[in-house]
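Position chain B against the provided structure of chain A, taking the given hints into account.
Here are the chains, one letter per residue:
Number of protein chains: 2
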Amino acid sequence: MASIDKPDPEVPTKLVASEGAPPLPPPPAPPCKVDYFAVDVALRVWLFAAAVTSVVVMVTSEETEVVPVPGVPNHILPLPAKFNHSPAFIYFVAALSVAGLYSIITALASISVLLKPDFSKTFLLHFAFLDLLMLGVVASAVGAAGAVGYIGLKGNSHVGWSKECSVYKKFCTHVGSSIAVALFAAVLLVLLSMLSISSLHRRIRD
Amino acid sequence: MASIDKPDPEVPTKLVASEGAPPLPPPPAPPCKVDYFAVDVALRVWLFAAAVTSVVVMVTSEETEVVPVPGVPNHILPLPAKFNHSPAFIYFVAALSVAGLYSIITALASISVLLKPDFSKTFLLHFAFLDLLMLGVVASAVGAAGAVGYIGLKGNSHVGWSKECSVYKKFCTHVGSSIAVALFAAVLLVLLSMLSISSLHRRIRD
Numbered sequence: 001m002a003s004i005d006k007p008d009p010e011v012p013t014k015l016v017a018s019e020g021a022p023p024l025p026p027p028p029a030p031p032c033k034v035d036y037f038a039v040d041v042a043l044r045v046w047l048f049a050a051a052v053t054s055v056v057v058m059v060t061s062e063e064t065e066v067v068p069v070p071g072v073p074n075h076i077l078p079l080p081a082k083f084n085h086s087p088a089f090i091y092f093v094a095a096l097s098v099a100g101l102y103s104i105i106t107a108l109a110s111i112s113v114l115l116k117p118d119f120s121k122t123f124l125l126h127f128a129f130l131d132l133l134m135l136g137v138v139a140s141a142v143g144a145a146g147a148v149g150y151i152g153l154k155g156n157s158h159v160g161w162s163k164e165c166s167v168y169k170k171f172c173t174h175v176g177s178s179i180a181v182a183l184f185a186a187v188l189l190v191l192l193s194m195l196s197i198s199s200l201h202r203r204i205r206d
Numbered sequence: 001m002a003s004i005d006k007p008d009p010e011v012p013t014k015l016v017a018s019e020g021a022p023p024l025p026p027p028p029a030p031p032c033k034v035d036y037f038a039v040d041v042a043l044r045v046w047l048f049a050a051a052v053t054s055v056v057v058m059v060t061s062e063e064t065e066v067v068p069v070p071g072v073p074n075h076i077l078p079l080p081a082k083f084n085h086s087p088a089f090i091y092f093v094a095a096l097s098v099a100g101l102y103s104i105i106t107a108l109a110s111i112s113v114l115l116k117p118d119f120s121k122t123f124l125l126h127f128a129f130l131d132l133l134m135l136g137v138v139a140s141a142v143g144a145a146g147a148v149g150y151i152g153l154k155g156n157s158h159v160g161w162s163k164e165c166s167v168y169k170k171f172c173t174h175v176g177s178s179i180a181v182a183l184f185a186a187v188l189l190v191l192l193s194m195l196s197i198s199s200l201h202r203r204i205r206d
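Top to bottom, those sequences are chains A and B. According to full-length UniProt numbering, the first sequence holds residues 1 to 206 in order. According to full-length UniProt numbering, the second sequence holds residues 1 to 206 in order.
Extracted from the complex, chain A is given alone in its bound form (with noise of 0.2 angstroms):
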């Protein structure tokens, strides 16, 4: 006879009780790989939707106002605000931009696995691996253009940066939301690697 002097607390407890039972408990479902990819490719259409909106409202805020010139007093000159006056900005754009490329690579990827999962379990680790990368990277994007956004909006009376929400309205109302949006964004890249994580996970168990 088989003795089980010590038997696993979690799982084998079931198969000590049932060793006399003919009625053997079914065995545990196999993982439900088609569920998570879908998610996956859903989370990645709406990732790339984010990067998208975010890059075209961040670039297209540009606003031309009459505004007394930085550093000669007593002159007006109609002066532009654009994107590209910040590095900042121009980093949260290339780095939002990259992030809406990768989504759509890797939704095309997941849609493969989605049709083919044979492959599934190397394309959730680098799946999880990159969304990592992507999540950093769009992280500080945000961090950066929210720091600057924030000078802009309200200035910084002890080294004298002056606020230019007051002047450009359009322009302080793009980037706002360019930077909401990229917020969600990084959210979305959140979930999606959690998904992997707890998608991986779950294979142990099973």
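Restricting the straight-line Cα-Cα distance to at most 30 angstroms, the calculated cross-link-like pairs of lysine-lysine (DSS-like) are: (1) A/169 / B/163; (2) A/82 / B/163; (3) A/154 / B/82; (4) B/169 / A/163; (5) A/163 / A/82; (6) A/116 / B/121; (7) B/154 / B/82; (8) B/170 / A/154; (9) A/121 / B/121; (10) A/154 / A/82; (11) A/163 / B/170; (12) A/170 / B/154; (13) A/170 / A/154; (14) A/82 / B/154; (15) A/154 / B/154; (16) B/163 / A/170; (17) A/169 / B/154; (18) B/163 / A/163; (19) A/163 / B/154; (20) B/82 / B/163; (21) B/163 / A/154; (22) A/154 / B/169; (23) B/116 / A/121; (24) B/82 / B/169; (25) A/163 / B/82.
Restraint ranges, calculated between C-beta atoms of paired labels, are given here: (26) B/157 / A/60: 20 to 28 angstroms; (27) A/101 / B/169: 39 to 47 angstroms; (28) B/104 / A/72: 50 to 58 angstroms.
Reference listing, derived: stretches of chain B covered by chain A, where coverage requires no fewer than 3 residues with Cβ under 8 angstroms from a Cβ of chain A: (29) 141 to 149; (30) 157 to 166.
By construction, these hints were calculated from the structure, which means they are not laboratory data. We treat Cβ as the ideally placed atom computed from N, Cα and C, and that holds for glycine.
Leaving out everything else, chain B in the frame of chain A:
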């Protein structure tokens, strides 16, 4: 008859199922838990050191210089530059402080798993989730502080924001060093997340 005194906790179904078959395949090697969590503890200690260094360097950056008062021409005064003059730097210090505290707690948790590896799978999942969130927070803090630091270093002629680093040299050195160390902390968080994910992935293969 086969008598199994201490069944492997992870593969009980195979053992029970193969009771009648004479040639048992060699059981797969158990996952190398100790190695993973030892590296994990080491990385978390590094993360703690990086976070504390970053916060200390940023907080001790105060410098007072005799400068023209912003907005008042022909008027000079000894004015201090402190990290808490900028909301981005305050967020930076808060985020890195949280990262330092988090690294202590998770290092203790990791050590407890080293001593008692029963719950390693659950810990892996929670570590992967929490490292992810912490990476988002630290990356955005580095982005925010970096963007403000860059304006301080180079100024922005388009909106008349003056550069500050030509005057406050010590302050800028501290801020720059602090951001560099925080960037290292963010890289450590990426490595920690990758470690958790690849460990989860390896357990599927086992």
